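**Student:** Let's have the full structure, built from the sequences with the hints guiding it.
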Amino acid sequence: MIKGFPISDFIQSSIEALNVMSTYEAIAMLLAIAYILLAIKQSLWCWPAAFVSTLIYTLLFFDVSLLMDSFLNAYYLVMAVYGWWSWKYGGKLTEKELEVSTYGVAKNLKIILILSVLSLGVGYIMANYTSADFAYMDSFTTVFALFTTYMLAKKVLENWIYWIVIDAVSIYIYIQKGLNLTAVLFVIYTILAFVAYRQWREEYDDRKAQTLSTL
265 MIKGFPISDF
275 IQSSIEALNV
285 MSTYEAIAML
295 LAIAYILLAI
305 KQSLWCWPAA
315 FVSTLIYTLL
325 FFDVSLLMDS
335 FLNAYYLVMA
345 VYGWWSWKYG
355 GKLTEKELEV
365 STYGVAKNLK
375 IILILSVLSL
385 GVGYIMANYT
395 SADFAYMDSF
405 TTVFALFTTY
415 MLAKKVLENW
425 IYWIVIDAVS
435 IYIYIQKGLN
445 LTAVLFVIYT
455 ILAFVAYRQW
465 REEYDDRKAQ
475 TLSTL
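Sequential numbering of the sequence shown, starting at 265, is according to the numbering used here.
These aren't lab readings, by the way, just hints derived from the structure by calculation.
Since the model is a prediction, treat every value here as computed from it, not as a measurement.
C-beta: ideal position from N, C-alpha, C; glycine also.
Among these hints, one or two may not hold up.
[As the list claims (entries may be wrong)] Pairwise CB distance ranges (calculated):
#	residue 1	residue 2	range
1	F458	I378	34 to 40 angstroms
2	D470	S307	14 to 20 angstroms
3	Y393	K305	25 to 31 angstroms
[Unchecked claim] Computed list of lysine to aspartate or glutamate pairs in EDC-like fashion (alpha-carbon distance at most 16 angstroms, straight line):
#	residue 1	residue 2
4	K418	E361
5	K374	D333
6	K441	D470
7	K418	E363
8	K305	E466
9	K472	D333
10	K374	E361
11	K441	D333
12	K305	D397
13	K472	D397
14	K371	E422
15	K305	D431
**Tutor:** See the structure below:
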């Protein structure tokens with residue numbers, strides 16, 4: 265229960281949302297889940313799935329005047345193209361397919377600090393000059409999501425840890441706004457992000473061990 269919100273009401277409203285979901289929304293949702301599943305397997309097909317899914321969401325959000333959400337998905341659309349190229353060619357046409365890498369603790373702490381300051385700045389503007397709800401939390405998830413999408417496109421291991429936090433915060437926001445079906449989707453995202461981190465971590469550790477054994 266969140267702020268007096270019964271689980272039974274949450275389930276009932278989610279079922280009702282499923283009943284009124286448009287065909288395009290359903291396709292976008294399924295492709296979004298497929299994108300994460302394929303990304304876990306490091307399949308290049310995750311990016312075409314992401315492209316079509318975000319294209320649909322971009323148009324849907326624009327149609328209902330959710331312009332910031334439309335803009336964010338338009339960004340994801342561009343990153344889907346970049347992600348495919350980056351994974352296939354390692355970011356350069358002359359190199360092999362990209363491998364999982366890590367930023368390390370120090371670099372991640374710097375990134376978190378910089379993105380947190382940016383989030384506070386954006387949150388302040390949204391809280392004081394717009395009618396936005398959850399201005400600071402929404403700014404946090406947006407700013408971090410923008411950079412974390414780039415990390416995923418570069419196969420940086422820690423991107424999944426960032427997504428776990430982003431998705432968990434998003435679940436709370438969506439439940440409070442009554443977007444229960446979207447909250448359910450982000451619960452799935454959070455679980456898959458845990459799975460993805462574990463699998464990518466195992467691959468990274470195995471490759472590192474093999475490299476050390478050959479020295």
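**Student:** Evaluate each hint against the coordinates.
**Tutor:** Status of each hint after checking the structure:
no. : hint                            : result
1   : F458 x I378: 34 to 40 angstroms : 25 angstroms, violated
2   : D470 x S307: 14 to 20 angstroms : 18 angstroms, holds
3   : Y393 x K305: 25 to 31 angstroms : 43 angstroms, violated
4   : K418 x E361                     : 11 angstroms, holds
5   : K374 x D333                     : 27 angstroms, violated
6   : K441 x D470                     : 43 angstroms, violated
7   : K418 x E363                     : 9 angstroms, holds
8   : K305 x E466                     : 12 angstroms, holds
9   : K472 x D333                     : 39 angstroms, violated
10  : K374 x E361                     : 28 angstroms, violated
11  : K441 x D333                     : 15 angstroms, holds
12  : K305 x D397                     : 36 angstroms, violated
13  : K472 x D397                     : 45 angstroms, violated
14  : K371 x E422                     : 11 angstroms, holds
15  : K305 x D431                     : 20 angstroms, violated
Taken one by one, the earlier hints fail for this structure at numbers 1, 3, 5, 6, 9, 10, 12, 13, 15, listed in ascending order.
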